[in-house]
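Novice: Line order of the protein sequences matches chains V and G.
Quick note: the first sequence uses this note's numbering, first residue 1, plus one each step.
Quick note: the second sequence uses this note's numbering, first residue 1, plus one each step.
Hints are not guaranteed to be accurate.
Said to hold, decoys possible - As a list, the in silico SDA-like pairs of lysine to any residue whose alpha-carbon atoms are at most 20 Å apart:
| id | chain 1 | residue 1 | chain 2 | residue 2 |
| --- | --- | --- | --- | --- |
| 1 | V | Lys366 | G | Arg368 |
| 2 | V | Lys366 | G | Arg2 |
| 3 | G | Lys366 | V | Leu304 |
| 4 | V | Lys282 | V | Leu304 |
| 5 | V | Lys168 | G | Ser267 |
Honestly, the hints are just simulated from the structure, not real lab data.
Number of protein chains: 2
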Amino acid sequence: MRTPLCDRFGIDLPIFGFTPSEHVAAAISRAGGLGVLGCVRFNAAEELDAVLSWMDENTDGKPYGVDIVMPAKVPAEGSQTDLTKLIPEGHRSFVDKVLQDLSVPPLPDDTDERAGVLGWLHSVARSHVDVALNHRISLIANALGSPPADVISRAHEAGVPVAALAGKGAHALRHVDGGVDLVVAQGHEAGGHTGEIASMVLVPEVVDAVGDRAPVLAAGGIGSGRQMAAALALGASGVWTGSIWLTTEEYHQTMPGSTAMQRALVSATSADTVRTRVYTGKPARLLKTRWTEAWAAPEAPDPLPMPLQNLLVSHAHNRIHAADDPTVVSMPVGQIVGRMNRIRPVAEVIADLVEGYEEAVSRLDKTR
Amino acid sequence: MRTPLCDRFGIDLPIFGFTPSEHVAAAISRAGGLGVLGCVRFNAAEELDAVLSWMDENTDGKPYGVDIVMPAKVPAEGSQTDLTKLIPEGHRSFVDKVLQDLSVPPLPDDTDERAGVLGWLHSVARSHVDVALNHRISLIANALGSPPADVISRAHEAGVPVAALAGKGAHALRHVDGGVDLVVAQGHEAGGHTGEIASMVLVPEVVDAVGDRAPVLAAGGIGSGRQMAAALALGASGVWTGSIWLTTEEYHQTMPGSTAMQRALVSATSADTVRTRVYTGKPARLLKTRWTEAWAAPEAPDPLPMPLQNLLVSHAHNRIHAADDPTVVSMPVGQIVGRMNRIRPVAEVIADLVEGYEEAVSRLDKTR
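With these hints in hand, go ahead and build the complete structure from the sequences.
Specialist: And the structure:
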């Protein structure tokens with residue numbers, strides 16, 4: 001399974017794997033794909049620096065990338081204190097009541113609680129770019145909209161290509177007009193921030209919109225070799241995957257408190273997700289749990305705009321995380337969750353993708 | 001492009017084309033696919049009988065099928081008068097006001113107005129089955145849920161296979177358990193009644209759920225050879241298409257008053273659809289127009305359950321149809337509408353599907 005993208009990035013397989021775990025990202029790169037580390041969880045630049053040093057040393061010299069959230073259109077600045085003042089009291093009391101109703105215990109007094117998610121702020125995201133460019137990275141991806149022009153310029157000066165996610169052909173055109181090198185066409189079925197157009201329609205739309213100006217990765221609904229073959233049949237040069245790495249052994253071993261989340265994912269069907277604004281303020285597909293259902297109730301307030309919604313729920317997320325209850329998980333995941341039924345090593349997931357791909361392509365070949 | 005389904009149905013191409021126009025259906029069959037005539041528009045059995053006689057004579061002896069709406073779970077019986085009494089006055093006045101706001105003129109006094117859509121009623125659907133079994137049909141499809149057991153038995157006695165649409169793996173299993181011979185996995189991106197799971201995830205889910213008990217057709221998002229190759233890569237044995245036939249020359253020539261609808265479809269993008277209950281009472285994807293937007297307004301009432309909603313809007317549909325205004329169309333269509341940009345003959349659409357399929361499969365073959 002090779003496409004021209006493999007040569008361009010020096011990888012064996014055109015499989016890009018997004019994950020917040022450096023252990024998973026490194027395993028994806030070591031297995032021949034390109035692991036992309038999600039940086040939004042790092043508030044302190046020093047913390048990211050240390051993790052990327054670890055990546056440099058644990059990827060067998062193979063390429064890896066980083067994913068940084070830089071929402072181009074959101075006025076996402078100001079200190080956390082300033083922003084916190086903008087959160088209505090009614091929203092706070094709703095969150096408190098939901099946590100009580102769902103029997104989510106308070107955090108122990110000695111918890112060193114993570115302060116909000118500052119990675120959504122531009123200044124923090126730019127500090128991530130600074131840090132990442134000092135490491136052996138092969139890609140900077142922006143998880144939300146077109147990356148700012150200065151970030152693209154700095155990446156290009158360092159010889160690092162830039163990727164951006166698109167939910168419409170028009171988004172993709174805006175990205176390449178701004179200098180983006182690699183477009184991720186993310187369909188409705190994807191986990192996290194996602195639009196309304198499904199991969200089957202979106203991928204060829206984006207491929208045709210950007211033409212030969214940039215290769216396109218298909219994202220959304222890809223967890224098997226058949227789906228990877230479908231993505232390439234649609235014109236993609238490779239795939240961008242995220243959800244499928246959440247149920248890996250490496251994720252479990254290195255992300256504290258992931259047991260309840262993995263139990264919830266393993267038992268979920270493809271119908272057990274919901275696209276909602278409750279995670280960040282922008283529509284994102286999450287696992288459907290008692291937490292998302294509480295926000296869908298008639299008495300629930302409308303979620304706040306980004307970045308306020310994430311600040312509003314960040315303490316709740318910490319409590320939910322500590323509660324370790326599969327029915328109250330708050331987790332972005334795509335519809336492919338219905339097929340994530342076992343905890344497996346990263347290398348096995350990759351081997352299955354390759355085997356399934358080969359089988360699908362031979363099967364298609366026989367129809368000619 | 002051949003799959004075992006071609007031998008089973010005696011067709012050259014595993015392309016099933018659903019359409020309310022007998023001229024389009026016949027052209028699909030003549031071009032090597034299997035045209036499936038939607039019967040819900042026929043209230044009188046005699047009318048359907050005459051049209052199927054025409055099909056018998058205009059398909060060059062090639063196979064064709066019929067699609068009949070038999071909602072298994074809906075208590076869809078009673079005379080139109082009885083049902084009409086169940087429609088709240090507030091809903092009627094809302095529809096009247098919207099039509100006025102949208103400048104949709106009343107019908108001329110001498111209009112021979114179609115009476116509701118009785119095809120949704122079980123007794124009418126069964127009369128369609130009676131009529132169809134007297135013709136040279138190769139398939140009876142049920143557009144909504146599992147077909148009733150007696151209908152499956154009668155079709156099988158006549159040697160006619162039965163197809164049913166599924167939006168989840170569980171639906172598909174229920175269908176084959178009930179004797180259905182062919183499952184149509186219809187993704188979220190499809191036009192008309194459609195579920196939440198996108199084709200990329202749904203097709204392999206349904207294929208694996210039914211195993212070798214029934215072949216699976218992929219529906220939703222399929223309008224090009226690349227998409228057809230993707231569907232087969234996902235494990236489908238063929239494709240079920242609907243939207244793409246709405247912008248054919250044959251449709252235009254034979255469906256009176258389709259000019260405004262076709263103008264609206266040709267200029268729409270993939271983002272210009274909405275999944276809503278306003279057409280029948282069940283969620284269906286429609287072209288987004290000023291009509292659907294009016295129902296999405298805060299002051300709009302919730303749509304009524306099936307079959308009442310269709311009775312409520314049937315007169316409005318007649319007025320909208322006569323108004324011939326592309327901005328006030330009420331029409332089921334999938335997200336593929338973004339690529340339906342020209343009025344073309346059916347044979348050209350089929351030729352493009354075949355050519356694009358061959359190109360996609362050769363391209364995939366080179367990645368091995």
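Novice: So, for every hint listed, does it hold in this structure?
Specialist: Against the structure, the hints come out as follows:
1. V/Lys366 x G/Arg368: It holds: about 15 Å lies between the C-alpha atoms, which stays within 20 Å.
2. V/Lys366 x G/Arg2: holds, 8 Å
3. G/Lys366 x V/Leu304: The hint is violated at about 48 Å.
4. V/Lys282 x V/Leu304: Roughly 9 Å between the alpha carbons, so the hint for V/Lys282 and V/Leu304 holds.
5. V/Lys168 x G/Ser267: holds, 16 Å
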